[in-house]
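Protein chains: 4
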Amino acid sequence: MKQELQPYIRKAHYYETDRMRVIHHSNYIRWFEEARVDYLDKIGLPYAKLEETGILIPVLAVNCEYLSPVIFDEQVLVTVKMTNFTGVKMTIDYEIKGASSGILKVRGQSRHCFADASLKPIRLKRDFPDIYSGFERFLEV
Amino acid sequence: MKQELQPYIRKAHYYETDRMRVIHHSNYIRWFEEARVDYLDKIGLPYAKLEETGILIPVLAVNCEYLSPVIFDEQVLVTVKMTNFTGVKMTIDYEIKGASSGILKVRGQSRHCFADASLKPIRLKRDFPDIYSGFERFLEV
Amino acid sequence: MKQELQPYIRKAHYYETDRMRVIHHSNYIRWFEEARVDYLDKIGLPYAKLEETGILIPVLAVNCEYLSPVIFDEQVLVTVKMTNFTGVKMTIDYEIKGASSGILKVRGQSRHCFADASLKPIRLKRDFPDIYSGFERFLEV
Amino acid sequence: MKQELQPYIRKAHYYETDRMRVIHHSNYIRWFEEARVDYLDKIGLPYAKLEETGILIPVLAVNCEYLSPVIFDEQVLVTVKMTNFTGVKMTIDYEIKGASSGILKVRGQSRHCFADASLKPIRLKRDFPDIYSGFERFLEV
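Residue numbers (our numbering), protein chains in the order written: chain A, -6 to 134; chain B, -6 to 134; chain C, -6 to 134; chain D, -6 to 134.
Just so you know, not all the hints are guaranteed correct.
Heads up, the list lumps identical chains together, so a pair's fine if it works in one copy or across two of them.
Cut-off 27 Å, straight-line C-alpha distance, at most; resulting in silico cross-link-like pairs (DSSO-like, lysine-lysine) [claimed, not checked]:
hint, residue 1, residue 2
1, K74, K42
2, K42, K82
3, K4, K113
4, K113, K90
5, K42, K90
6, K4, K118
7, K35, K118
8, K113, K42
9, K118, K82
10, K90, K74
11, K74, K4
12, K90, K4
13, K35, K4
14, K90, K35
15, K118, K74
Read the hints as simulated data drawn from the structure, not as lab findings. If you're wondering where the values come from, they're calculated on a predicted model, not measured in any experiment.
Make a model of the complete structure from these sequences and hints.
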């Protein structure tokens, strides 16, 4: 049975704003990464540990829709869902909402593969079966 | 007849690398922006001037595919194409290639609307017909 | 009597690392800013509120000494001290320590003035006496 | 006799601005790095090559004074001077000026050591005498 994971909580920093007086759109891609790292912690597969084990998770693609601006010092909640996982590739979906307003600000997705230190693809099911299972139980479809 | 515009030339900076020893994926979104600003210069509609006129071009969505890593100090060429333009919305396509290798590194797209200083949508055809024409002649379909 | 304020807690993000596999030195300047904003919250003078009141706090100078590298996912504590305050200018000192190791990683300082929305200097004692007092009681000398 | 090196030319990017509508102060530290890398190219010691040879140049300290803001799309010239060099340590001075206005915007300095891949200090004079000489002839005192 899937556990309900808490969203990642984040405050928008001053240096992330731009002269439109809102958070620059490139930063949400970074917030996705922060939330993804936090998610891996929460499912018991901390990214720093995975890297030590020789597993990198490069990004193959991202997309991001900007629905409503986030402003300086605003607190947001980032919800993370693994919506595809094969042990060779993985897809993560993100939603960023205003913590107090509940307004949906940003929606996006990142696609990944699993790779070794030289960025060669690896197959978790064959090479790291325990880690494969660790991921698989959190797949939401 | 459409003029052939030169691609935007860029070197990868040290602070843009990450511990995978390649350019962090979030930075390409920023290179798209640099290339877009350069493109607007080249088509005679510099963004700083547009903002003075009261025209902002917020980003509605981006997507980005990472095909091959860019490393520190590597020179890349960013090709920019306006593939949709209605005066209300605009779509820009990007390709980042290694300057010496010719290898396709990154491919992406950004979608925009036109807005006034308070981020309210505007219609270029009605409100700024000259600027509308300035854009339209560079539309590539 | 001065209250002991809690340090600002922060985890190092993946996108903040560089190809030396440690946090890029420019990011600590940003962590100083985050810690400064957090400090202003803690002393009851949130920066977003100050800006609404018409008070900006631009940076006049920073310096930063790098003693020991911070790595990805490491947790750090940033201690903030206001070591000079005249109502016209302000100096803030920072120390970044490893949260578990206690090792001093980075030491620095930022100097500021107070300015209005057009970046003209202002004098807090004359123009905003309550805010002047709010700052002054946290001066540590 | 010392050759006069050309300054590094740079345009301020949109994503480098903040909600004060000027370039965020942390970015000048990054421009210093860009200018330093460009300088090393110009004196015939490209940083990527140095790293391949096993020589890293970590930053020990930076300081930066903000005299006048740089705005979006403004072109600046960064002048770089090596003001101290012992083969163990090095100091670089920077000045950022508006390209058309000539106004001094930012002044700063970075201090460095030379290190191997594991960040252990090295002595260029003993370990890399040719590279030592390559640096030394550009020392300006």
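### Message
Going through the numbered hints above, which ones does this structure break? Give me the numbers in ascending order.
### Response
The structure conflicts with hint 6 only, although it agrees with all the remaining ones.
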